[in-house]
Each structure stands twice: as C-alpha cells, then as structure tokens.
Amino acid sequence: MIFIEDKQMVIPGDVLADKEYQSGRGTFKEDDKICSSLVGLVAVRDKKISVIPLQSKYIPKRGDVVIGEITDIRFSMWNLDINSPYSGILPASDVFGKEKRDLNKAFNVGDVLFLRVVDVDEVKKVKLGLKGRGLGKFRDGILIYITPTKVPRLIGKKGSMINMIKDETKCEVVVGQNGVVWVKGDPSMERVAEKVINMIEEQAHTSGLTDRVRNMLFELLGKEIPEKEEKPEATEEAADEEEENG
Amino acid sequence: MITIISNEILGKNSTSSKRADGRASDELRPFKIEAGVLQRADGSAYLELGGNKVIVAVYGPRELHIRRLMQPDRAVLRCRYNMAPFSVDDRKRPGPDRRSVEISKITSEALMPAVFLEKFPRSTIDVFIEVLEAEGGTRCAGITAASVALADAGVPMHDLVVACAAGKSEGEVVVDLSEVEDKNGEADVPVAIIPRTGEITLLQSDGNLTPEEFEKALNLAIDGCMKLSEAQKEAIIRRYGD
Numbered sequence: 045m046i047f048i049e050d051k052q053m054v055i056p057g058d059v060l061a062d063k064e065y066q067s068g069r070g071t072f073k074e075d076d077k078i079c080s081s082l083v084g085l086v087a088v089r090d091k092k093i094s095v096i097p098l099q100s101k102y103i104p105k106r107g108d109v110v111i112g113e114i115t116d117i118r119f120s121m122w123n124l125d126i127n128s129p130y131s132g133i134l135p136a137s138d139v140f141g142k143e144k145r146d147l148n149k150a151f152n153v154g155d156v157l158f159l160r161v162v163d164v165d166e167v168k169k170v171k172l173g174l175k176g177r178g179l180g181k182f183r184d185g186i187l188i189y190i191t192p193t194k195v196p197r198l199i200g201k202k203g204s205m206i207n208m209i210k211d212e213t214k215c216e217v218v219v220g221q222n223g224v225v226w227v228k229g230d231p232s233m234e235r236v237a238e239k240v241i242n243m244i245e246e247q248a249h250t251s252g253l254t255d256r257v258r259n260m261l262f263e264l265l266g267k268e269i270p271e272k273e274e275k276p277e278a279t280e281e282a283a284d285e286e287e288e289n290g
Numbered sequence: 004m005i006t007i008i009s010n011e012i013l014g015k016n017s018t019s020s021k022r023a024d025g026r027a028s029d030e031l032r033p034f035k036i037e038a039g040v041l042q043r044a045d046g047s048a049y050l051e052l053g054g055n056k057v058i059v060a061v062y063g064p065r066e067l068h069i070r071r072l073m074q075p076d077r078a079v080l081r082c083r084y085n086m087a088p089f090s091v092d093d094r095k096r097p098g099p100d101r102r103s104v105e106i107s108k109i110t111s112e113a114l115m116p117a118v119f120l121e122k123f124p125r126s127t128i129d130v131f132i133e134v135l136e137a138e139g140g141t142r143c144a145g146i147t148a149a150s151v152a153l154a155d156a157g158v159p160m161h162d163l164v165v166a167c168a169a170g171k172s173e174g175e176v177v178v179d180l181s182e183v184e185d186k187n188g189e190a191d192v193p194v195a196i197i198p199r200t201g202e203i204t205l206l207q208s209d210g211n212l213t214p215e216e217f218e219k220a221l222n223l224a225i226d227g228c229m230k231l232s233e234a235q236k237e238a239i240i241r242r243y244g245d
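Top line first, the protein sequences correspond to chains A and B.
Just so you know, we're using my numbering here: the first sequence kicks off at 45 and counts up by one.
Just so you know, we're using my numbering here: the second sequence kicks off at 4 and counts up by one.
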C-alpha cells in the first residue's frame, strides 16, 4: 500500500507507505509504516521511497568538493567554515609538504578556497585537501549561499543550467556541494547571476524551471527572448530528477 | 507578511457559555500559524492564539562551541523562551527569570523526543521563542510554533509536536485557558503530544483537580492539540505553495 504520489509534498510525520516498500533517505520506519521525517518532495524508485528535502544543512561526505572560508589559523592547520554544522580543517602539510613555512604567507583569515573533503572521521572532524584539478584559492568574486539539496538543480542535466548562466553572464561560476557558489565576472553581471541563482533556489521544486531561468536571464540582460524551442518538457524534467538523485 | 488579528473579534461567539469570552468548553481561541516569516533564520514561525502573539526562530544544526555541552552521539536542542517587556500589561523586567528558565527547559524536553538528534552528533539546534504579546497559554503556543519552525528549518523529525492547555475555571473543565481564566481559575494542565502516536511529551498540572476532572482536562487538551496540529501542517504546506 502506498499513500502518496511521486513528487508530492510531504511534511514530517506523514505516513508514506506500508512495509512492502523500502525506506530511503528522509524517511523512517515505525510499526511497519514508512513515514517522512522532512519537509520535502517524495521520490519513489521501484520499491524505495525517499524524501528530497526542500531545506537542509550540508553534512560533509568524503570526496565532495566544497567552497570554504578560512576562519582561523592554528599552529599547523587552517580552520575553515564550510557552511555546515561541522567546521573543516586544512593541514599545513597538505599545502607545503614536509617544508615548514609561515601559514600566514599562504592563506589568511577570510580567504575563500575550493577544496576536496579528504576524510570525515567518527567524531565528525572534517579533513580537507587541496590536491586535485581546479582546487585552490579564489581571488575576488562574490559568494552566494543556497540550500545544499538544490545544488543538483542549479547544475542541471549535464551542467545545462549552470552552463547557460556562465554563457549568458560571461562569469566564472564554481558550485561547491556544500551549497556555496562562487561567481566572478563584471560586477553588474555578478549581480545578474546572483539574482538568477537565488531564483533557482526559491523555485527548485517547481517544474519547467530551465525555461523560466532562460527568460529571466534574457530579461535581466535586456535581450530579446528568442522563440521557444520545441522541446519535449517531460524528458527534460525526468533528466533533472535523475540528477537530483545522483 | 504578518497580519494581526484584532482582539475585538474575540468573545463574540455563543452566549450560552459561562466562559468569560463566550467560548464553548471545548472551543479554542481563534488561531493562525505562519511558517517562514524571518529572512535570516534557518527556520521560523509566527503563531497567534487569541491574544497571544509568538514568533519562533530556529538556527541549526550548527556548530557547538561550548565543549561541556557537546554530546558525542547526538545534537543538543537548546531553547530560549523570552517574553518581551511589552508583552504583558505591567512591564515585564527584561531578561531570564525563574519562570522563563523553567519554560525553556520544558520546551526543549517536549520537542526533543520528536527530533532525530542522533543525525547531527556534536552540533546544536537553537530555538528562540519570543513572546510578543501574552494572554495565557504562551508555553503551549511556543511549543506549537517551535515545531513548525523546526520543520521549516529542515530538521528531521518523527512528527510535529503540538501543545495545548486545559484547566478548570469557575468550576468547569475547559480547554485553552485565557489569561483571565488562568488567573482566576482553579487549575491549569498544559499538554504536549506527538499527534501521530499520541505520545505525551509534556504534562504539567498546576492547581487542584479530582482524578475525573484531570482525565477530562487531559482529553480536552489532546482534542485541542489535534485541532492545532492540522493548522501546523497547513502552515508548512502554505509556505511552499503549489
């Protein structure tokens, strides 16, 4: 027995289904019933039911790429705010190797870095690293904070949404999985990108978003809105969903 | 975003009741709940229940800096109940007092069983309850609004905790005591429940009641909770619209 439909909005305590279904993320089991633990949209995949939250905090996971801001310099490491209930640390050895150097000379408090989560241990100590392509310090640009669960929607199917924003605003855009977005470009374009990203966050749970974003971009940039391309809406939506679950 | 219910519409219901504001014994004061009223909080809610006006902000789960409070296996739920100096007829001296410290503690204990605290070890969830106007039953109003704000903040929960009081006024057992009924009445029983399972997370009793009266008061309070529970759910769904 299932009591809800796919993509329906649920709130904590809603009974979703009976025991023949599996309980996925955002749900819990009680007396053979599967209930929602979050405010979010239901996703039914085969026999597995999960709830995708509309609002959440970032919980660090090994392998994620995140954007963090340095909050403190300690003897042999930096402390970073990664927009999460747990702060991250970047060991000095990860930047200098075995060499001993002054930490202030590399990064200072307030610097924004693009990092990889190297390890999260059982006491939730988040170790960060800078080894990898494109990782490092950002210069200038602005930061935009969104809910981490909406990151897949902002990126879109194979990066379609984010590439559209990049192309139209001529800005560099980097999205961290912790819901921090870094944008750099012409100041007026940065503002356009910020508006669009905030709009995506607000409307992430609605359908037909890509078209609305395109229209908004053209409107803000004062361009003519081109004829709407005939594209089957359904397939695009399905693809977005896939990305959301990935 | 916030519209204020004027106090004039109160007490214009039936004339048959003995209650001061003309309500039936199982009738709640008019109420309204709104979710997501604060920009900068992770979650927030505004609740009006008769002359009570309560605003709740939730922050977190966030990093806990106070080491001695930290729990290695779960988050801590910190609540602060605060009455504004202008919330009552005589000016309330600002700052925590014995009453607000007690209410902060029982609020946190009433909400805790419903929240999945074990999902966020070593962190904290902060709940701030600000009473803007008080007219009896603010602790229950605070708990009801706080669980809406927690849901709005995306905190995983078993269910939305809801609270309602019942008591005895002028010899009659009634639900949702107003300030006058509370002050002149014989007893006050605030109750908080997890509506889906019916578990009671808060039960206080102030005053004298016979076992029969207590049972009746408890049942009235639970009925009141169920009515408020519907409004809580609507408030969250309305926040995101369709």
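Treat the hints with care, since some could be wrong.
What the hints assert, rightly or not - A short list of chain A residues far from chain B (calculated; beta carbon distances all over 12 Å): (1) 56; (2) 58; (3) 69; (4) 129; (5) 151; (6) 176; (7) 228; (8) 234; (9) 235; (10) 246; (11) 263.
To be verified - Only pairs whose alpha carbons sit at most 30 Å apart, straight line, appear in this in silico DSSO-like list of lysine-lysine: (12) A:267 <-> A:168; (13) B:186 <-> A:73; (14) A:171 <-> B:108; (15) A:77 <-> B:230; (16) A:73 <-> B:95; (17) A:63 <-> B:219; (18) A:105 <-> B:219; (19) A:63 <-> B:108; (20) A:168 <-> B:219; (21) B:122 <-> A:51; (22) A:171 <-> A:91; (23) B:108 <-> B:219; (24) A:73 <-> B:108; (25) A:91 <-> B:122.
Note that these hints are calculated values from the structure, not bench results.
Just so you know, even glycine gets a beta-carbon here, dropped at the ideal spot from N, CA and C.
Structure-based check of each hint:
no.: 1; hint: 56; in the structure: violated, 4 Å
no.: 2; hint: 58; in the structure: violated, 8 Å
no.: 3; hint: 69; in the structure: violated, 10 Å
no.: 4; hint: 129; in the structure: violated, 4 Å
no.: 5; hint: 151; in the structure: holds, 20 Å
no.: 6; hint: 176; in the structure: holds, 26 Å
no.: 7; hint: 228; in the structure: holds, 25 Å
no.: 8; hint: 234; in the structure: holds, 21 Å
no.: 9; hint: 235; in the structure: holds, 19 Å
no.: 10; hint: 246; in the structure: violated, 10 Å
no.: 11; hint: 263; in the structure: holds, 22 Å
no.: 12; hint: A:267 <-> A:168; in the structure: violated, 48 Å
no.: 13; hint: B:186 <-> A:73; in the structure: violated, 44 Å
no.: 14; hint: A:171 <-> B:108; in the structure: violated, 35 Å
no.: 15; hint: A:77 <-> B:230; in the structure: holds, 24 Å
no.: 16; hint: A:73 <-> B:95; in the structure: violated, 46 Å
no.: 17; hint: A:63 <-> B:219; in the structure: violated, 36 Å
no.: 18; hint: A:105 <-> B:219; in the structure: violated, 51 Å
no.: 19; hint: A:63 <-> B:108; in the structure: violated, 37 Å
no.: 20; hint: A:168 <-> B:219; in the structure: violated, 48 Å
no.: 21; hint: B:122 <-> A:51; in the structure: holds, 24 Å
no.: 22; hint: A:171 <-> A:91; in the structure: violated, 36 Å
no.: 23; hint: B:108 <-> B:219; in the structure: holds, 27 Å
no.: 24; hint: A:73 <-> B:108; in the structure: holds, 29 Å
no.: 25; hint: A:91 <-> B:122; in the structure: holds, 24 Å
Of the hints listed earlier, those the structure fails to meet are numbers 1, 2, 3, 4, 10, 12, 13, 14, 16, 17, 18, 19, 20 and 22, in rising order.
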